[in-house]
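Q: With the hints as constraints, model all of the structure from the sequences given.
These protein sequence lines are chains A and B, in that order. Sequential numbering of the first sequence, starting at 1, is according to my numbering. Sequential numbering of the second sequence, starting at 115, is according to my numbering.
Read the hints as simulated data drawn from the structure, not as lab findings. The C-beta atom is built at its ideal place from N, Cα and C for all residues, glycine as well. One or more hints might be untrue.
Derived DMTMM-like pairs (lysine to aspartate or glutamate); straight-line CA-CA distance at most 20 Å [as the list claims (entries may be wrong)]:
1) B/Lys-348 x A/Asp-42
2) A/Lys-93 x B/Glu-238
3) B/Lys-121 x B/Asp-242
To give a feel for the contact side, a few chain A residues facing chain B, derived at Cβ under 10 Å [claimed, not checked]:
4) Leu-20
5) Trp-43
6) Leu-45
7) Val-64
8) Trp-66
9) Thr-73
10) Arg-78
11) Gly-89
12) Lys-93
13) Ile-96
14) Gly-102
15) Tyr-107
16) Val-112
Beta-carbon label-pair distances, calculated as ranges [what the hints assert, rightly or not]:
17) B/Leu-343 x A/Pro-74: 32 to 40 Å
18) A/Trp-91 x B/Gly-349: 38 to 46 Å
19) A/Asn-94 x B/Arg-347: 43 to 51 Å
20) A/Val-90 x B/Pro-322: 28 to 36 Å
21) B/Arg-239 x A/Ala-104: 19 to 27 Å
22) A/Leu-100 x B/Ala-190: 16 to 24 Å
23) B/Thr-275 x A/Pro-41: 28 to 36 Å
24) A/Ala-97 x B/Thr-185: 41 to 49 Å
25) A/Leu-100 x B/Trp-125: 55 to 63 Å
26) A/Ile-113 x B/Arg-347: 32 to 40 Å
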Amino acid sequence: MSGALAGLDRGALWVIILGLGLGSFLLRFLFLGMIGNRRLPDWVLRHLRYTAVAILPALVAPLVLWPDATGGTPDPARLTAAAVTIAVGVWLKNVIATVLCGAATLYLMLYVIG
Amino acid sequence: MTSSTPKSAFWSGFAAGLPFTFVVSPIGVLFGVLATEAGLDVVETLMFSIMVIAGAAQFTALQLMQDSAPTVIVLASALAVNLRMAMYSAALTPHLGAAPMWKRSIIAYFLVDQSFACSMAEYERQPDMTLGARIAFFAGTVTPVCPLWYVCTLAGALIGTRIPEAYALDFAVPITFLALVTPMLRTMAHVVAALVAIVVALLGAGIPFNLGLIVAGAAGMMAGARTELWMERKGMAI
Chain A
1 MSGALAGLDR GALWVIILGL GLGSFLLRFL FLGMIGNRRL PDWVLRHLRY
51 TAVAILPALV APLVLWPDAT GGTPDPARLT AAAVTIAVGV WLKNVIATVL
101 CGAATLYLML YVIG
Chain B
115 MTSSTPKSAF WSGFAAGLPF TFVVSPIGVL FGVLATEAGL DVVETLMFSI
165 MVIAGAAQFT ALQLMQDSAP TVIVLASALA VNLRMAMYSA ALTPHLGAAP
215 MWKRSIIAYF LVDQSFACSM AEYERQPDMT LGARIAFFAG TVTPVCPLWY
265 VCTLAGALIG TRIPEAYALD FAVPITFLAL VTPMLRTMAH VVAALVAIVV
315 ALLGAGIPFN LGLIVAGAAG MMAGARTELW MERKGMAI
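A: In structure tokens:
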């Protein structure tokens, strides 16, 4: 063992692994487990309807604009691929076809631009 | 796509999860490689992926451990990255809350970005799915994704070779999620929610512990809810 953590206390490592596992489970379980079948108020449901369309684009937006692979510099190939993916997604509403079009655009652009 | 019986729902879910194998495998391999390079042994690396199943949180924890951060800081920061899972849990509750406790516990363990995104899209497209079909669909989305996460982590730890950057697999995440989310933008309220979330996420990219994402998600959800109310008041179709 030669890495940066070679001298790491194994106890601390397992506290992190188990603690992070338990904590992540509790976050995932929080509402599903505690609320279960009880009816949520309308205003809560109205907000929850937009969880996916808010969180997922928010997760992706920085990756599109500032990719790690280019050290955070906006990249024409990746921007074009993202634009094509969105356009094809709106048009076809078929996930696999959209993924393939997005990937094809990315590789084509990387090949053309270099 | 019909999801009338649990069996057909399972296979619809499996098909929905399949494109994400391209996302999960390179990231799993990368985690295995980086964790062993950092000094974790194979068992520790694999247990990390089995206990946590959350790429971003695992990379955060690994980075902070290498920076010799105190254990409490490592745990708090990595859990902050996983806060969105609580939002996923809340969003799934109206659809899966009626399931027995043991099933909800298993669903909670397997609640990841991919299973959440695929399942929400399906539940919204097919509001009259039975509870059994919804659970089966969720199980289907998990099947090609989560076991692969363990296997690829193990492969990365054992082989220690990264997938070359020329394959640009970093962009598999944006492409698959954009392809999944775009068809979910059914109404103006959904579009407003997404746009507000994107703007706030970009403005808040500098907020530490990835909390900009949570703020952006909350802002997007509020914007969507306000727009829905406004559209109702105007008598517009939802």
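Q: If a hint holds in the structure, say so; if it doesn't, say that too.
A: To see whether the hints hold, each was checked on the structure:
no.	hint	result
1	B/Lys-348 x A/Asp-42	holds (19 Å)
2	A/Lys-93 x B/Glu-238	holds (14 Å)
3	B/Lys-121 x B/Asp-242	holds (16 Å)
4	Leu-20	holds (5 Å)
5	Trp-43	holds (7 Å)
6	Leu-45	holds (6 Å)
7	Val-64	holds (5 Å)
8	Trp-66	holds (8 Å)
9	Thr-73	violated (13 Å)
10	Arg-78	holds (6 Å)
11	Gly-89	holds (3 Å)
12	Lys-93	holds (4 Å)
13	Ile-96	holds (6 Å)
14	Gly-102	holds (4 Å)
15	Tyr-107	holds (7 Å)
16	Val-112	violated (14 Å)
17	B/Leu-343 x A/Pro-74: 32 to 40 Å	holds (36 Å)
18	A/Trp-91 x B/Gly-349: 38 to 46 Å	violated (29 Å)
19	A/Asn-94 x B/Arg-347: 43 to 51 Å	violated (35 Å)
20	A/Val-90 x B/Pro-322: 28 to 36 Å	holds (34 Å)
21	B/Arg-239 x A/Ala-104: 19 to 27 Å	holds (26 Å)
22	A/Leu-100 x B/Ala-190: 16 to 24 Å	violated (40 Å)
23	B/Thr-275 x A/Pro-41: 28 to 36 Å	violated (52 Å)
24	A/Ala-97 x B/Thr-185: 41 to 49 Å	holds (46 Å)
25	A/Leu-100 x B/Trp-125: 55 to 63 Å	violated (20 Å)
26	A/Ile-113 x B/Arg-347: 32 to 40 Å	violated (48 Å)
Checked against the numbered hints above, the structure breaks hints 9, 16, 18, 19, 22, 23, 25 and 26 and satisfies the rest.
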